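With the hints as a guide, bring the two chains together.
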Amino acid sequence: MRKRNKRAQSGKKFILLALVAIIFAVLMASSISRREFSGPHKLILEILGTAQAGVVVVTNSLGHLWSDYVALWDVREENQLLREEIKKYQVVDSKYREALATNVRLEKLLELKENLAPPTLSAQIQGRDPSLWFKTLTINRGSSDGVGKGMPVVAVEGVVGHVLDSAAHYAKVLQANDPNSAIEVLIQESRVQGILKGTGAGYRLHYVLKNNDVKVGDQVVTSGLGGVFPKGLPVGTVSSVVSNRRGMFLDIEVTPAVNFERLEHVIIVLQSNQLIE
Amino acid sequence: MLTLVFIILGSFLLVLQTSLFTSLPGWIGNPDLLFLLVIFLAARMANFRGFFLVLILGLLMDIFSGITPGLFPVLYGALFLVIKFLSRQIIFDEPAHQPALAAISYLVCHSAIYLYLLAASRDIDLSWSWHDILLAMLIQAVLALPLFQFFNYLQKPFSADRDRLWLPHRHKPGNRFVR
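These protein sequence lines map, in sequence, to chains A and B. In terms of this note's numbering, the first sequence opens at residue 1 and continues consecutively. In terms of this note's numbering, the second sequence opens at residue 1001 and continues consecutively.
Chain B on its own, in the form it takes in the complex (with noise of 0.2 Å):
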């Protein structure tokens, strides 16, 4: 079920960045939504159910951008296990992580499409645009805040312990001799 909600959530993330979005003036920028949704997946959902996600939505983002099939699923799938092998080191949980995250990330996903495409073409007329990509990075990192919380709130009630949200808590003291 959760499956399936964050696939509908990326449809329609995919769809308000292509169309809605796309219209905002440019100093704004183009917030990547979706984008985010694949690094909250990567740093909080379980690893196959989390690969599994991210290359689904790398497959719907391949049909609305760029013209290589397969290279939004493979670039999304590296990231995640690119996190998933931080994660081990970092704890990504933390607010004060994850606008950072969110940035560096997409620098280094928007590297690699640079480099892949110079490597692809060779009298490719490609120019890198430190103006665009660190405003784009900006907005990634102002969002990630508020859209983690987005996501997190929204995977709540399907996380495996859900039959625990509803039962009433017994809060323990600070300290373990307190009765």
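So here's chain A without its partners, still in its complex pose (with noise of 0.2 Å):
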């Protein structure tokens, strides 16, 4: 009995190989005549095409972010070069700032320096006095380069002071506001003269009579009259004029028309100084 059922049961086994073997056949000779994907063909690839997919989509992530991952030491060494340059160029940006800015007033100097009778001699202002009463600088220019006692220093936007002493390779310049300075000046719109003393801080313009007609703004410029400054040099602006109940002249206050705290490079005129020799 099991004998006859174990024939049977190959029997069919053998039937039903023999049938998909038959209907393989056909797909294929159908398939190669046609010389297209037959339907059984198209399903599989669908289905074998999504897995495909499938695994192509997560073999590319990973290996996106593997490659990503690695590469950002590079990115990360490459940022902080770039930061490095960065930096180097904000350098160079901020010394070609520098160089422009000392171009535009070397140029100014320079149109002054034609402007102003020859001799002149450029310097730098080297020091500063430490004191609270006094007000003097110290510049790289000194008796070797022809600098002597008296000589008129200014600078692009007006009167600096005159030279104090000299080194060889030195000098001090007294400025125009130290207390102990006085030039004689002329307001540029009424003609008006008179003594421009040093405050410290700004200067005070002294024996002004009260019957002359002087108004904030006005341009106060050098009369040339004392020997030590060519005319017409400026020198500051009226600030304040007051006129007292006593006495003849008027309180002039005058807003010095350089910057004595920002002053880099000064003009020397070197012109001997008569009243001083």
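To be clear, the hints were calculated from the coordinates, so they are not data collected in a lab. Since the model is a prediction, treat every value here as computed from it, not as a measurement. Fair warning: there could be bad hints in the mix.
[Unchecked claim] If you want the footprint, here are the derived chain B segments under chain A, 3+ residues with CB under 8 Å:
no., segment
1, 1096-1110
2, 1120-1127
3, 1142-1154
[What the hints assert, rightly or not] Partial list, computed: chain A residues near chain B (C-beta under 8 Å):
no., residue
4, W133
5, G158
6, L263
7, H265
[Claimed, not checked] Sample of chain B residues lacking proximity to chain A, with all beta carbon distances greater than 10 Å (derived):
no., residue
8, V1005
9, R1088
10, Y1114
Backbone N, C-alpha and C define an ideal beta-carbon position, used for all residues, glycine too.
Written out as structure tokens, the structure reads:
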């Protein structure tokens, strides 16, 4: 009984296998003859294709993740390099701006130098007076450059002061706003003359009679009478005019044309000072 | 050697305060380091050497400041004598006294310059600014302690008892009966 059942089962398997082989052979034959996928081909392709797509997506994602992670090492280094480069360029940019500003300043100085009676000499400020009561400067030009006592010192904006004393390569300049300084000036608009004295911070104009017309905003220039400064150099602007009850003169305050704190370069007019000599 | 060291130090401080410090913002003021050195010398240095040094430092200051040659040597010399006289009554080695000494000396010296300028020229336009003076006094007082420490440190190796500094010290107990 058992043997009969076994033979029947193996016969069914053989028939099933033969049927599958025939169907396969028919499908293959039809596909080859039409040179295209049959329905089952397409179905299987769809299923496996989707699976493949899934695998590809995952592998690509992992691949990108890996490559991105690895690339980060380079990016970090590159980032550092770029930051350093930016810093370098910022320094270069700053130097460029400084050079540009210096160039503009020197251009103006040159322009002024050409306008002044020759000979003139440009100088750089080396130091300033540390005291509260005095306003002096040290410049990098001295007697070896022809700089002598009493020579006027000017800047692009106007009068700076005069040379107080000089060594071979350096000189000391008394600023016009020093309380010990006095310059003969005139008011450009009204041609009123007076003596300008330093107050430490600014100037005060002395000996201008009350009947003179002096207004706030009037320009004050050198008169050329003192024999130290050439005529017409700007000195400052009138900032206040007070007419007191007592006295003959106006109380006039003048704001300096030069910002003494920011001064870097000056021009020395190499003229001998007869008064000092 | 010590004299030379202090002259070089004074020159360095003067250069510093006439170049670098002048570009500092106004609210920081203009610290006068050379003046602090003068006070230190007056308080700590022996009479003749100290007096000689403050005169030299005054000469240096004359070059960079003011318009009357000789003003600062006279001023520093007078300050030296006054501090020397006062040091017989007050111990200036105490750290608590040093900022006050620096500030008051600064006030006295600058008042003297102010009075001298007023006396020297009748029509000078000089105004006294308490704001500037007090700010400068405060800066001098603040800088006095660290600078005095530094000057002291600098002075030690050159002091007369320098040989003793290198010998091992025998620490004696506070109680004289304990051996």
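Here's how the hints hold up against the structure:
no.	hint	verdict
1	1096-1110	violated (count 1)
2	1120-1127	holds (count 6)
3	1142-1154	violated (count 0)
4	W133	holds (5 Å)
5	G158	violated (19 Å)
6	L263	violated (11 Å)
7	H265	violated (15 Å)
8	V1005	holds (22 Å)
9	R1088	holds (30 Å)
10	Y1114	violated (7 Å)
Hint compliance for this structure: hints 1, 3, 5, 6, 7, 10 are not met, and every other hint is.
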